[in-house]
Structures are given as structure tokens and as C-alpha cells.
Amino acid sequence: MSSLTMSQRVAVAINAQRDELWPALAGFSLFFCLFSGYFMLRPIREAMGILAGVENLQWLFTATFVVMLVAVPLFAWLSSRVPRLHFIDWVYGFFTLNLLLFAVLFFTRDESVWLARGFYVWISVYNLFVVSVAWSLMADVFDSEQAKRLFAFIAAGASVGGLAGPALSALLIGSLGQAGLIVLAALLLAVALMLKQVLMRWREQGGAGRAGAVQAESPRRPVPGNPFSGLTRVLASPYLLGIAGFVILLATASTFLYFEQARLVAELFPQRADQVRVFGVIDFVVQAGALVSQLFITGRIARRMGVRVLLACVPLLVCVGFIGLALMPTFAMLAALMIVRRIGEYAFVRPGREMLFTPLDAESKYKAKNFIDTVVYRAGDAMSGWLKSLLDMFAQGAWLVALVGAACAALWGLLGWYLGSQADRKVTEQQVAVT
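At position 293 of the sequence shown the residue is numbered 293 (this note's numbering), and the sequence of numbers has no breaks.
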């Protein structure tokens, strides 16, 4: 079998045209590196959250939001001065240095409560930024038609990384310790940066086959606008405001489930090693389920039924799950709902959400998108965290939180259906304009 024939077969298997094979594999590998590193650190973060006090989680969410308020204008200022071709170099380089600093701190001050709180907040900021920037890159490199075919496969790299990360953590924690795992995550982030060079080089060579004024924006120029143009861009666009509302509802459902998970795990598994093990098992099941869905289901749904189905089906399942949790508030029910919600987010909601940005201009893809992915998302986390605490004051147990969560999930699904329909319409209008 010739190498060309093998390339063609692989391309068909991942829904790529032959000239898209290597960029798609580079995107897959980039997300593999990001998520391998993150999921090596995620069980440590969850244990740090419990060490800092389950009763203080809403404060940690609020602190994360405040850090985002400071970081996002700096991020936007940098993107206005550094060409898109090199912007990710600065962002990932900065976070690599941060990781190395935390490695030193964990080596010297392992049991510090303040280190636990700082790491919890920082890893929450780190994850949103590096993933948001990576998806901005994908929306910049691939056009809308390519996104429907390739984003599910590219997102599968995150799921494979999510499987490899916990496995690497379990295998290496004894020999490397927490500090060593953080150094390894920094090395993986550096590899992701090299893969970004491959993607931008392909884009510059015209590999995306883009046409029209929006796609012709050169990556050798900075993103236009000022440090606050992400906010103003969102406020001026009903479409972007709808995406912001979608993200807030997503964060609300996620936060309600996350707080209940932390409370029950702290009650049922008092030892930190048991807590890390439980979180690791949940992560493994989630990533395995998401990978199967991304490889065999997501792309087919996007091509045949459109983005709206990707964005609406998971919220409706979560709505049903919340009602089940209200009727049977057990850890098994909560864990099942958490797994369904996270598989659905990774396999359907996240690729679908990124497809919403592919028809837009560079300022929307980088500044408005980053504002939504970071400030809006963490604002939703913080607000829903305090709302969860308020609901707990009115009712013991999970039933009231579950009912409010079901209502939010229903609104989330309706908004997802509307936004997906709008995105499909925008793509059709662009295709007509090009022809």
C-alpha cells in the first residue's frame, strides 16, 4: 500500500480532504498536548479545592472571576500589538513560565492552604485561556465548511489527552511528585506551541482555501481594536450577546453540579488520595465517552442536522437529569449526570460553540470570543456559585438546586437551538456571496 493511499484512507476516516490531513492531525495533536497537561493537573486542583474548604468554593470562583477581569484587558492589549502569527507564542510562553513557578512552589510548600487556593484559581484561569486561544486559532485556520467536518476530530485530541493525562498522573506521581507533573505539563504546552507554527504556516500558504474579505485578514497584522473592544463588540452584537447568554447558562448548570459533587465527595471520601482517585475515575469515563462520540457521532450530526442540534441536545438531556436528581438525590445519580453533562459538553457543545465563531471576523474570533470564554464564563461561575449557596439556605438537600438547574438547562437548550440556526444561516449567506 503506497503512502498516498494510506493518507487518503486516513483522510476519509477523519472527514478530511487530502490537503487538510496534516493540519487536522496537527490540530488534534495540539489539543492532545494541552489536555494531557491539564488533566494531569486537574485531580490535583480538585483536591486543592477541598483542602481550601468546600464551604469556600464560591470565594474561589469569585477570585477567579476577579483575576479574569484584570487579565482579559491585558490579553486584548497584547493582541492589538502582536501579530496573530506570534500572539499565541506570547500567551503560551507566559503560561509555561507560570507552570514552572508553581512547580518550584509545590516542591517547597506542598501543604500550604494559600498555595492550594492560589493554584486552584490560577489553573482555572490557565485552562480557559489556553483552550480559548487554541480554539481561536482553529477558527482562524479553518473555514465554516471545514469546521463542520474537522472540529469534532480536532476536539477528539482533547479527549485522548484527557485519557492520557490521568493515566500519566497515576503512573508518574510516585516518581515525579506534584512538582514534576507540573513541569511535564509545561513541556507539553511548549510542544503545543510548536504545533501552532505548523497550522499558521499552512494557513499562510493558502491551505484553508478561504475567500472573501473576512477570511483575507492577514495573520501578520495584530487584531484591531482596543483592550476593551471584546466587551464593546459583544454588547453591540445580538448574536454575540446570545453566545454570552448561552455560556452563562452552561456555567450555571455546570457549577450547580460541581458544587454538589465537591460536597458529596468531601463527605464520602475524606482522604485526599481517595478524592483524587474518584475525580480521576470520573475524568477517565468522561474522556472515553467523549472520544467515542467525537470520532463517530459529532461530525455526522453537524453535517446532516446543523450546529443547532449539537447545541440543543445536551442541555435538554441535562434538564431531564436535573429532574431525576431532584427525585433521587444520590451520589450515583449525581455522578451519572456529571458524566453525561461533561461528555456532552466536550463532544457536542464545545465543537458546536466554536463553529458559531467561524463565520466572524478576526476581532470577534480573538477578542470577543476570549471575553466570552473567560470573563463571561467565570462571571457565570461566580454568580451561580453564590446562587447555589443562597438556594442551600432555603432548602436542605439537592432538590431545589436541581429544579432551578432544570429550568436553566431548558433555557440553555432553547438558546442553543436559536444560535445554531443563526450560525447555519450565516454560513449559507457567505457561501452565496462567494459564488
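Treat the hints as calculated values from the structure; they're not laboratory data. Any given hint could turn out to be false.
[Claimed, not checked] Pairwise CB distance ranges (calculated):
{"hint": "1", "residue 1": "E267", "residue 2": "M194", "range": "17 to 23 Å"}
{"hint": "2", "residue 1": "M393", "residue 2": "T428", "range": "35 to 41 Å"}
{"hint": "3", "residue 1": "D274", "residue 2": "W59", "range": "21 to 27 Å"}
{"hint": "4", "residue 1": "S389", "residue 2": "G177", "range": "32 to 38 Å"}
{"hint": "5", "residue 1": "A266", "residue 2": "M328", "range": "16 to 22 Å"}
{"hint": "6", "residue 1": "L97", "residue 2": "A266", "range": "53 to 59 Å"}
{"hint": "7", "residue 1": "F394", "residue 2": "M328", "range": "33 to 39 Å"}
{"hint": "8", "residue 1": "E145", "residue 2": "L97", "range": "14 to 20 Å"}
Built from N, CA and C at the ideal position, the CB exists for glycine as well.
Status of the hints after comparison with the structure:
1. E267 <-> M194: 17 to 23 Å: violated (44 Å)
2. M393 <-> T428: 35 to 41 Å: Cβ of M393 to Cβ of T428: about 49 Å, so the range 35 to 41 Å is violated.
3. D274 <-> W59: 21 to 27 Å: About 25 Å separates the Cβ atoms of D274 and W59, which means 21 to 27 Å holds.
4. S389 <-> G177: 32 to 38 Å: The hint (32 to 38 Å, Cβ to Cβ) holds, given that S389 and G177 are roughly 35 Å apart.
5. A266 <-> M328: 16 to 22 Å: holds (21 Å)
6. L97 <-> A266: 53 to 59 Å: violated (33 Å)
7. F394 <-> M328: 33 to 39 Å: violated (21 Å)
8. E145 <-> L97: 14 to 20 Å: violated (38 Å)
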